[in-house]
Amino acid sequence: MDILLDILSWILLISGSFFTFTGAVGLFRFPDFFSRTHAASVTDTLGAGLILIGLMLQAGWGLVLAKLLLILVFSLLASTTACHAMAKAALKSGLKPLTYSDQENSAEETTSKH
Amino acid sequence: MTAHFPILQVIIPLFAAPLCLFLRIPRLVGVFAIFVSAAAFLISYGLLQEVITHGTISYKLGGWPAPWGIEYRIDTLNSFLLLLVSGVSTVVLLASLSSISRELPQNRHTYFYTAYLLCLTGLLGILATADAFNVFVFLEISSLSSYTIIAIGTDRRALAASYQYLIMGTIGATFILIGVGLMYMMTGTLNMYDLAERLPAVYKSKTVLSAFGFFIVGVCLKLALFPLHLWLPNAYAYAPSITTAFLAATSTKVAVYVLIRYIFSVFGIEFVDMSLPLGDIFLILGLVGIFVASISATFQLNIKRLFAYSSVAQIGYIILGLAIETQLGITATLLHLFNHALMKAALFLAIGAVFYRIGSAQLNHYAGLGKKMPLTMAAIVAGGLSLIGVPLTVGFVSKWYLVVALLDKGWWPVAVLVLLSSLIAVIYVWRVVEWVYFTPPRIITEEVKEAPLSQLIPIWMLVLANIYFGVDTRLTVGVSKLAAQSLFGVNL
Amino acid sequence: MNIIGLYNYWIVVVLMLIGFYIVIAHENLIKKLVGLTIFQTSVFFLYISMGKVAGATAPILDENYQIYSNPLPHVLILTAIVVGIATTALGLALVVRIYEAYGSIEENDIQVQDTHDRLECQLEAYGRQKPPTLFDQETN
Amino acid sequence: MLLSFLALTAIAITRMGDLFAVVMLSGIYSLLSASLFLDLDAVDVAFTEASVGAGISTLLFLATLKLVPRYEKKSRYKPALALGVVIVTGALLIYGTLDMPHFGDADAPVHQHVAPRYLNDSINEVGLPNVVTSVLASYRGYDTLGEVVVVFAAGIGVMSLLMVSQRTKARALTKVPADMQHQIILRIVAKMMLPLILIFALYVQFHGDYGPGGGFQAGVIFAAGIILYTMLFGLSLTQSVIKPVFVEMLTAFGVLLYSGVGIVCMILGGNYLDYDVLSHDPVHGQHLGILLIELGVGITVAAVMITLFFKFTWRTVKHKYNQ
Amino acid sequence: MFVIPAIILLVVMAIALARAFKGPTLYDRILAVNTFGTKTVLLIAIIDFLAGRPAFLDIAIVYALINFISVIGILRFFEFSSKTTIEEEP
Chain H
1 MDILLDILSW ILLISGSFFT FTGAVGLFRF PDFFSRTHAA SVTDTLGAGL
51 ILIGLMLQAG WGLVLAKLLL ILVFSLLAST TACHAMAKAA LKSGLKPLTY
101 SDQENSAEET TSKH
Chain V
1 MTAHFPILQV IIPLFAAPLC LFLRIPRLVG VFAIFVSAAA FLISYGLLQE
51 VITHGTISYK LGGWPAPWGI EYRIDTLNSF LLLLVSGVST VVLLASLSSI
101 SRELPQNRHT YFYTAYLLCL TGLLGILATA DAFNVFVFLE ISSLSSYTII
151 AIGTDRRALA ASYQYLIMGT IGATFILIGV GLMYMMTGTL NMYDLAERLP
201 AVYKSKTVLS AFGFFIVGVC LKLALFPLHL WLPNAYAYAP SITTAFLAAT
251 STKVAVYVLI RYIFSVFGIE FVDMSLPLGD IFLILGLVGI FVASISATFQ
301 LNIKRLFAYS SVAQIGYIIL GLAIETQLGI TATLLHLFNH ALMKAALFLA
351 IGAVFYRIGS AQLNHYAGLG KKMPLTMAAI VAGGLSLIGV PLTVGFVSKW
401 YLVVALLDKG WWPVAVLVLL SSLIAVIYVW RVVEWVYFTP PRIITEEVKE
451 APLSQLIPIW MLVLANIYFG VDTRLTVGVS KLAAQSLFGV NL
Chain P
1 MNIIGLYNYW IVVVLMLIGF YIVIAHENLI KKLVGLTIFQ TSVFFLYISM
51 GKVAGATAPI LDENYQIYSN PLPHVLILTA IVVGIATTAL GLALVVRIYE
101 AYGSIEENDI QVQDTHDRLE CQLEAYGRQK PPTLFDQETN
Chain R
1 MLLSFLALTA IAITRMGDLF AVVMLSGIYS LLSASLFLDL DAVDVAFTEA
51 SVGAGISTLL FLATLKLVPR YEKKSRYKPA LALGVVIVTG ALLIYGTLDM
101 PHFGDADAPV HQHVAPRYLN DSINEVGLPN VVTSVLASYR GYDTLGEVVV
151 VFAAGIGVMS LLMVSQRTKA RALTKVPADM QHQIILRIVA KMMLPLILIF
201 ALYVQFHGDY GPGGGFQAGV IFAAGIILYT MLFGLSLTQS VIKPVFVEML
251 TAFGVLLYSG VGIVCMILGG NYLDYDVLSH DPVHGQHLGI LLIELGVGIT
301 VAAVMITLFF KFTWRTVKHK YNQ
Chain X
1 MFVIPAIILL VVMAIALARA FKGPTLYDRI LAVNTFGTKT VLLIAIIDFL
51 AGRPAFLDIA IVYALINFIS VIGILRFFEF SSKTTIEEEP
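Protein chains in written order, with the working numbering: chain H, 1 to 114; chain V, 1 to 492; chain P, 1 to 140; chain R, 1 to 323; chain X, 1 to 90.
It should be emphasised that the hints constitute simulated quantities derived from the structure, not laboratory data. Heads up, some of the hints might be wrong.
Which residues of chain P face chain R? A partial, calculated answer using Cβ under 8 Å [as the list claims (entries may be wrong)]:
1) Val14
2) Ala58
3) Tyr68
4) Ala86
Below, a list of computed lysine to any residue pairs in the SDA-like style, where the Cα atoms sit at most 25 Å apart [claimed, not checked]:
5) H:Lys88 with X:Gly23
6) H:Lys96 with X:Lys22
7) V:Lys206 with R:Gln112
8) X:Lys22 with H:Phe21
9) H:Lys96 with X:Pro24
10) R:Lys74 with P:Glu107
11) R:Lys74 with P:Val112
12) R:Lys66 with P:Glu100
13) V:Lys60 with R:Leu268
Don't be surprised by glycine CBs; every beta carbon is placed ideally from N, CA and C.
Chain H extracted, bound-state conformation (with noise of 0.2 Å):
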């Protein structure tokens, strides 16, 4: 049992970690602001969770459980909806998405954003 949940927690661990690798990618490569954040935010969300469901695994019943599952909910909360409001803020202040006819290798991230 206990092997069990070290390889689960393993491969959660190491499955978030790449996620969060290519977000990172993402936020370096992409041409503009609007596909780095697409790219920081999905792979942030899905990354920190994986890492921390990770961990909860690792951490058995208790405290510190209950304190992971805390952050869990914080980083959910708080990191897509700073995202979000970024981006929106940065729409209203006049930063224009970049579309097809400015570039064409970046059309698909543009139009996925919020």
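Given the structure of chain H, go ahead and fit chains V, P, R and X onto it with the hints provided.
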């Protein structure tokens, strides 16, 4: 109850400061602050008596023994300075009631008194403590509140001056923090007397030398030693008069105390001699400081700025006494500490009284005030004479001791220079006298009356103290000698 | 071995110097305060590094651990952090007021205005007429 | 690794002219240094640095930046003098490091002299597992009192420097719209989080004896919660819940509570801040004393931080709507 | 097993830092700061497990919270001064 005196001294203003916010009625707060300060003064007087008769008092805070807990240790040296600081603070506060109402908007009075009491707390705390880190904490209390009471006035230049002081002061405090940290690193203790025991084992260490360097530079920033004095003239010149009187008389003195305490009681004079030519450095900086600052003073038109520069020069004398590194030299330093505090408090209070009447500290606005405000002007002249070092004033006593100490050490050229520098003091004091007595009054001074009694009394209390201690030197000289002996005694 | 044992401290020293440099070399009042923060934070590192014991854990007692790091530097630094934020807050309040009074937060501009004020007083004292204003002076 | 991040950030800060970016980077700097503190076993310090350096001080800097120009002027000359001073300081420091005990060395004097007693005996003398708390609140409780007074002094300073006139207040009620009105999602989420934050602050306050945390951190977190609310719902609304005068009183009250505990100790026959006498059992007395003074710390810190933020925000209101 | 995620997170933090230095718009910087913060939270959580004392998760919570609040603070900065340029000075 007597057993708790060392802590009560600091705790009374500390406890009273937040109470001020609850009182809220400005006038009431002022009276309350006077009583608090007077209580601190009485306690410090009791402490001095106690120390002279029974020797050093040690007080364990929280009941924990020394290197683990924080200790208060009162000996002759700091009880003398405690008396000075709380005494000056009380007298200055007496004058504050009317002076503040002229210089500050009504709604800031409560804040002013609160910050003033906090500043007093900080200064007394630095003096009383025997813990290296506690010094830093209380230094910050006093500094933060003094930035406040400098900037609280209506002059916009006070803001810039206060900011500059904040930056310099914080750099100084951080340097002190580095110094304390390095010392702690090498010895594992923070108590000053424990440090003094454990430092000799690591005297040779480069870290200790570096700690010493940082500490000295940090403290010198606070005490405005010559090349590090840039914050002082502006801060003193544009602050409210009461602030200037209080800070000029106390805050640099407390920094000098810290310097003395560390050089003699913590590091020990042997270490200082062995590692650094500190005496020579202080000698040169002191002398250059005296001359540069005195000459700058002669060119000032703002009378507060003039005397602020003179303060920098006086710090030069104080440091000079320290540079001699003999018992006589220290006696002279301590005497000058005490005496300079008396003179400057009297002078700045008198200037405050003039400001109360004419609303200006420009020397040219003083024209002809000699006839309008004779008592106040007489006080300024008396203070000025004391600065020069005319016999029958305190200034004479301390300069006399300084010169004697210099001659005793065999540094007669320095003694000559000291006497020469007094001549520069004659020049700037004469400039004031000239404007006051020998220039026809201007239109704006026509309706000026003598300063109110509430200000005259404290001013003349200080002036009389100036003269009294200039004639009867038993108390000051006796205590200074005792303190100097005990400082050297520690290392024998 | 000497190098590795002290490497940590050297980085701390470099950080300290960067902070210190910002404080004394920059003209902008806010940037000075940021520099001050960096300077102080680096001093905190100095303290905390000396409290660290290799292989130890945080000084919260627990049956499972034997070696703890030194708690005293932590206590001192807690105090120092608080002092730091207090200083920063006061400094910022001063900056706000300075900007209101001078219309600038560059040290140079402020000094120029101050010197100008003083010169005017000087001229007035010696009975000269008010000169045409050299600078755009904003009072209040 | 983290240290080199730090150095990079610091260098970037020196080079940037946009003060806004500088402030953000200094926020990162604090976060980084807090992680480093954590790595060096200083949990309480990391806690404080995170909440103070990254949180409150960034917010204060931002609040100031609203009122002053955002860009630094390029200075014309190369400050050779400054560089010289810095190099001398650096040389002295490096010179000082040469004889230092090595990093992590368990035989360093620091670990030999005073600290062992804290680690070995505090559990019997004070009775708390968190040694940092017992040293902070009991052995060196007086330093902590000083620290609270420093915070109070800063509060007084800011209050006196940035006073709000009645006129501004009156105007604010009528003219100033609540901020961030269109950020609906943000407002809802923040409303959901606020109780969590406040409860967490209380947890930190009272759990500080056993884990990292204590009055100071709790005060800052509490203040952060209130500040969050203020940022999203506007000053007038917040101040109708929490009266500013009341907050000012609270700043004083915390100090009074702390120093009052000390005075009570004195009346009961102990030394100042000697909690042993508070109860018939010394350890119990220590517990009670530490609880009370931590409460004092928390109250003062929270109240001062809230006041600071209010004052800065009022200034913005004044400048924006008082023409 | 905790080491690998920790290292990856450090790399991610480095990348976010690079983005924060690079800009080019202010919002990019804000985003980078936010990402940096969330990654720090995770890193601290992992370090706690790495050090074997998961009781210190409080700090991670504080980080999450502070990060959120400071991002809001930054955003609000632009609300107030709505006309500020988003592009940096050349």
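Comparing the hints with the structure gives:
no. : hint                   : verdict
1   : Val14                  : holds, 6 Å
2   : Ala58                  : holds, 4 Å
3   : Tyr68                  : holds, 5 Å
4   : Ala86                  : holds, 4 Å
5   : H:Lys88 with X:Gly23   : holds, 18 Å
6   : H:Lys96 with X:Lys22   : holds, 19 Å
7   : V:Lys206 with R:Gln112 : holds, 20 Å
8   : X:Lys22 with H:Phe21   : holds, 19 Å
9   : H:Lys96 with X:Pro24   : holds, 14 Å
10  : R:Lys74 with P:Glu107  : holds, 12 Å
11  : R:Lys74 with P:Val112  : holds, 16 Å
12  : R:Lys66 with P:Glu100  : holds, 13 Å
13  : V:Lys60 with R:Leu268  : holds, 16 Å
In this structure, every one of the numbered hints holds.
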